[in-house]
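Peer 1: Just need the whole structure built from these sequences, with the hints factored in.
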Amino acid sequence: MKVSLDWLRDHVDIDQRVEDVAYKLTMCGLNCEGIEVHGDDHVFELEVTSNRPDHLGHRGVARELACLFDQPLKPLRLDYPEVEKDSAGKGLDEISSIEVDDDDRCGRYTARVAFDVDASESPQWLRKRLESIGLRSINLVVDLSNYVLMDLGQPLHAFDLDRLDGGEVIIRRARYGESFAALDGSTHTLDSDDLVIADGSRAVAVAGVMGGSETEVVSTTRRILLESAWFDPVPVRNTSRRLGLASDSSYRFERRVDIDGADIASRRFFHLLCRESDSKVLSGCWEAIRDGLLDPPAEVPIRLDRTELILGDAVPAAELDQVLCALGFQRSGGDDARSLWCPPSWRADCTREIDLIEEVGRIHGLDRVPDRQMEVRVVPEDREALLVERTKALLEGTGHHESLTFSFGSEGDHRDLEEWWCIGEPWVVRNPVRSNEGVLRRSLLPGILSCVRGNRLHGVESVRLFEVARVFHRRVGIDRPVEKIHLAWVHSDADGSGPSEAYRQVRGIADAVLELLRLGTESSSSTTWNPISTPCGLGVGSCASLDHSGERLGLVGSVSLDGVSGDSWCGELDLGTLIGHSEVEHRYREFSRQPGVRRDLNIVIEDSVLWRDIASEVDAAEMANFEALNFLDVYRGKQVAKGQKSVTFSVAFRAPDRTLTHEEVDVAIGGLMQRLENRFEAQLRT
Amino acid sequence: MSEGSQVDLDRIEADALQAIEQASDGSSLESVRVGILGKKGTLKQVLRSLGALPPEQRASFGARVNVVKERVGTALEEAKGRLGSGSKAAPTAARRATDVTLPGQMPQRGSRHPVHQVASRMIRIFGNLGFQVVDGPEVEDEWHNFTGLNIPVDHIARDPAENFYLEDDLLMRSQTSTVQVRVMESTPPPLRIIAPGKVFRPDTVDATHSYMFNQLEGLVVDEGMTFGHLKATLLTFFQQLLQDDAMKLRLRPSFFPFTEPSAEVDLYWRGGWMEMGGCGMVDPNVLQSVGIDPERWTGFAFGLGIERVTMASFNIPDIRYLYENDVRFLQQFS
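Chains as they are written, first to last, in my numbering: chain A, 25 to 710; chain B, 2 to 335.
Don't read these hints as lab results, they were simulated from the structure.
Just so it is clear, the structure is predicted and the values come from calculations on it, not from any experiment.
Backbone N, C-alpha and C fix where the C-beta goes; we use that ideal spot for every residue, glycine too.
Incorrect hints may appear among the rest.
Listed below are the simulated DSBU-like cross-link pairs for lysine-lysine, each with C-alpha atoms no more than 35 Å apart in a straight line [what the hints assert, rightly or not]:
{"id": "1", "chain 1": "A", "residue 1": "114", "chain 2": "A", "residue 2": "304"}
{"id": "2", "chain 1": "A", "residue 1": "98", "chain 2": "A", "residue 2": "48"}
{"id": "3", "chain 1": "B", "residue 1": "70", "chain 2": "A", "residue 2": "662"}
{"id": "4", "chain 1": "A", "residue 1": "669", "chain 2": "B", "residue 2": "249"}
{"id": "5", "chain 1": "B", "residue 1": "81", "chain 2": "B", "residue 2": "70"}
{"id": "6", "chain 1": "B", "residue 1": "45", "chain 2": "A", "residue 2": "666"}
{"id": "7", "chain 1": "B", "residue 1": "81", "chain 2": "B", "residue 2": "45"}
{"id": "8", "chain 1": "B", "residue 1": "249", "chain 2": "A", "residue 2": "48"}
{"id": "9", "chain 1": "A", "residue 1": "669", "chain 2": "B", "residue 2": "70"}
{"id": "10", "chain 1": "A", "residue 1": "26", "chain 2": "A", "residue 2": "48"}
{"id": "11", "chain 1": "A", "residue 1": "662", "chain 2": "B", "residue 2": "45"}
{"id": "12", "chain 1": "B", "residue 1": "40", "chain 2": "B", "residue 2": "81"}
{"id": "13", "chain 1": "A", "residue 1": "26", "chain 2": "B", "residue 2": "45"}
{"id": "14", "chain 1": "A", "residue 1": "109", "chain 2": "A", "residue 2": "98"}
{"id": "15", "chain 1": "B", "residue 1": "40", "chain 2": "A", "residue 2": "662"}
{"id": "16", "chain 1": "B", "residue 1": "81", "chain 2": "A", "residue 2": "666"}
{"id": "17", "chain 1": "B", "residue 1": "249", "chain 2": "B", "residue 2": "199"}
{"id": "18", "chain 1": "B", "residue 1": "81", "chain 2": "A", "residue 2": "662"}
{"id": "19", "chain 1": "A", "residue 1": "662", "chain 2": "B", "residue 2": "41"}
{"id": "20", "chain 1": "B", "residue 1": "70", "chain 2": "B", "residue 2": "45"}
{"id": "21", "chain 1": "A", "residue 1": "508", "chain 2": "B", "residue 2": "199"}
Over the 12 Å line for every Cβ pair with chain A, so calculated as not near, a few chain B residues [to be verified]:
{"id": "22", "residue": "19"}
{"id": "23", "residue": "28"}
{"id": "24", "residue": "36"}
{"id": "25", "residue": "38"}
{"id": "26", "residue": "44"}
{"id": "27", "residue": "78"}
{"id": "28", "residue": "105"}
{"id": "29", "residue": "189"}
{"id": "30", "residue": "209"}
{"id": "31", "residue": "332"}
Part of the chain B face toward chain A, derived, beta carbon under 8 Å [as the list claims (entries may be wrong)]:
{"id": "32", "residue": "11"}
{"id": "33", "residue": "13"}
{"id": "34", "residue": "56"}
{"id": "35", "residue": "60"}
{"id": "36", "residue": "107"}
{"id": "37", "residue": "109"}
{"id": "38", "residue": "111"}
{"id": "39", "residue": "166"}
{"id": "40", "residue": "167"}
Peer 2: In structure tokens:
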């Protein structure tokens, strides 16, 4: 909100430097975001928090300064001359009537009437005040209502009484489909949720939001009816939002204006109107108040020791008294250790002890509170976080850049991939910012692949990305998304290697992660890689699934990206679940220091036999002192018969306690070859 | 016969490898080669005995000889490289030297996303201050996102236009403060935790706003916790983060429904104050709603914007750069 320093001086004497005033305001909760020079005046741009509607007027800000600088707030003149009858000899209730149909939404309504109004140009001082905060002068009546709004924070609305049908004012719900022409030139269709001010025939204002163009005060207006009301905050906000119509008035009503302010602001307006023109004000005031709204608020206690406990600084009883009094609170009892206070009508936010402690702290100065260190505490190590961190380090160390994508996804692209991870429907976002982000992602890959594509199209030739983030699955019987931590990575190269090499590179990352988690597929038979035969969104025939006791925990494979040459290769693991299965423990284990024996075997075998089958046969052979099986190479071509391939691998042996003899290794290898021959008709390559 | 050959073969290989290793110049290496692989070399002799084997063993024995031949050949090549000797022309000093001014062959280096780098740093610093990391879901219910945080039913923060709602009362969390409520529900005080993570608000995207960003939430509940403890904790954190004892921090009074007194955390940065997040003393209503007695326990909470810190640390002018995942951007932070 724009606040003029000169204007503030109408309410409180300030002789401090402009910068000091701005700093003081900032450090009591009114953040000064800028200072504009306006002739001999300075205008602050203040950020007003939503709990302080009393700061949405100059007097409210001035009250804060009066408290900060220990100055009195100047009294406000509200008096004006009244006349009993107008020129036609009629009193207030003979020329107008007020009826509140819906006091659920209108807590207070006041109306006063003036005649012989000269709504011409405003005096210089008034124009200067309005212009300093960026408002345009229109005519005296409109300018004064704006001035009082910006001075006291109470919205006012003046109707041209001669244009109100029957001089009637009815506060009622709009009729469904009722149309309304606002004074900003826009037209709106209302519904029965909206509260309107109507005359005998139509809506003339949307309550708390904006007046209508047909009853606005113009330079020829002679009689006015001035509304000063208190509307309930939430309905005003809802209507304003629904109509897309906001104003300085709706902004204040939404935040709850001072219930006592309605009458004060109305009288202030007529005091100024009579001072600046020869207008005559009819005595009396139409007023409707909802029961209980003007009841004094409950007393609030504040304890000195509690204040010290919260702030960490002792505030003397005298200072506490002074601060609260200056802010408009009235002491109603208690002693210094526990005093009782009655909050002012404009401080609906202060109902509890903590609210008063905050007031005292704010004015006392939070920056004056001395620093206090906490004692040191031991933090238990977070195993999952540690393993995620190591996984990320592995990906970084192998040349991958970490991406950061959004948790949203689209339903269309890569549907097979998303459904491979979770068959349940995706969770739908009701109001996505982008049309292709209408659901929560079930797989990380679509998001990363789109980044890969972007990079490749921008001419980055070799792209390696990874990300650890959450996916959101739907499970029967669980009424909220199941959030899982996934790892995904992608390799995409302009001059890529052959498919089997590319596959082994991308798969190698998965294997390294499994190894890191001590879940390597070579050693643990419960985790296996299997060919995927159903559609999973990746290239058919070259994708594999990582399965753990029937659970899908990962996949790797290729994907072709629109407009990008060559295949991209990618993988995704359910990292959170894998970590759950992991039993990483770093503790010394005895190992054999005996020399080992390694045998390289080169066998010719049917092309359809998978490495997994060979490996499981090696496992099943249960060879004594077997240490490790390592794949070396596969060859298809002229040197072997059609439909066959040659596979080279090594088998390593090591005994815990002695040097192995070649004889015993030969026996083991002979037995293994026999098994391979029986099972797959494998032959040693000659 | 086959057993004897087997032993011979292994010994031949072992002897040969040892001789190669001990060869001190090109000519001694060459004589080793001739002795093993030459026309009258030991391997040739072994092969000649092949005929004496039963036919079904010939193939596998032949293959074994070839394997030994290959290994010895490889060892010879390696030794040649080591001794710098070609078998023909005598090497000159110039030919032997490596052009050490050639560029090295670098392994491919990856990188961590700058936001995660900063988050890790923040976690580490708070870890040293005794804060434990906890995690909460990105999808929340209204109780944890609003009600438990003292945000009343008609509060503007609940407006559907201000949030990403899913089904029923589920929504993407709009702040990591939700984790405060979850921790306090499940764990009795004293508490000293941080919760980093993604939050979601349908803001219009510009150079400083995104509808998803990362926050780091902190919460301390203990006996005797005051605003002074909050100040000291944040000050120590930022001193560590910026590696500057003299850095300036100010806590400017503000308003949040779940803390009171509340303050904005402003950092003095390149000649001006920059908002880094919000903080305050935990509102008694928040403590009460999870069954903690606010008369006995007090506490403080803070929420810092990780992107803010990242942009300041790395001098990144536009928040959108952080989410483009352009390799040319990412690799700058490797």
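Peer 1: Please name the hints from earlier in the document that this structure breaks, with their numbers sorted from lowest to highest.
Peer 2: 4, 13, 16, 31, 33, 34, 36
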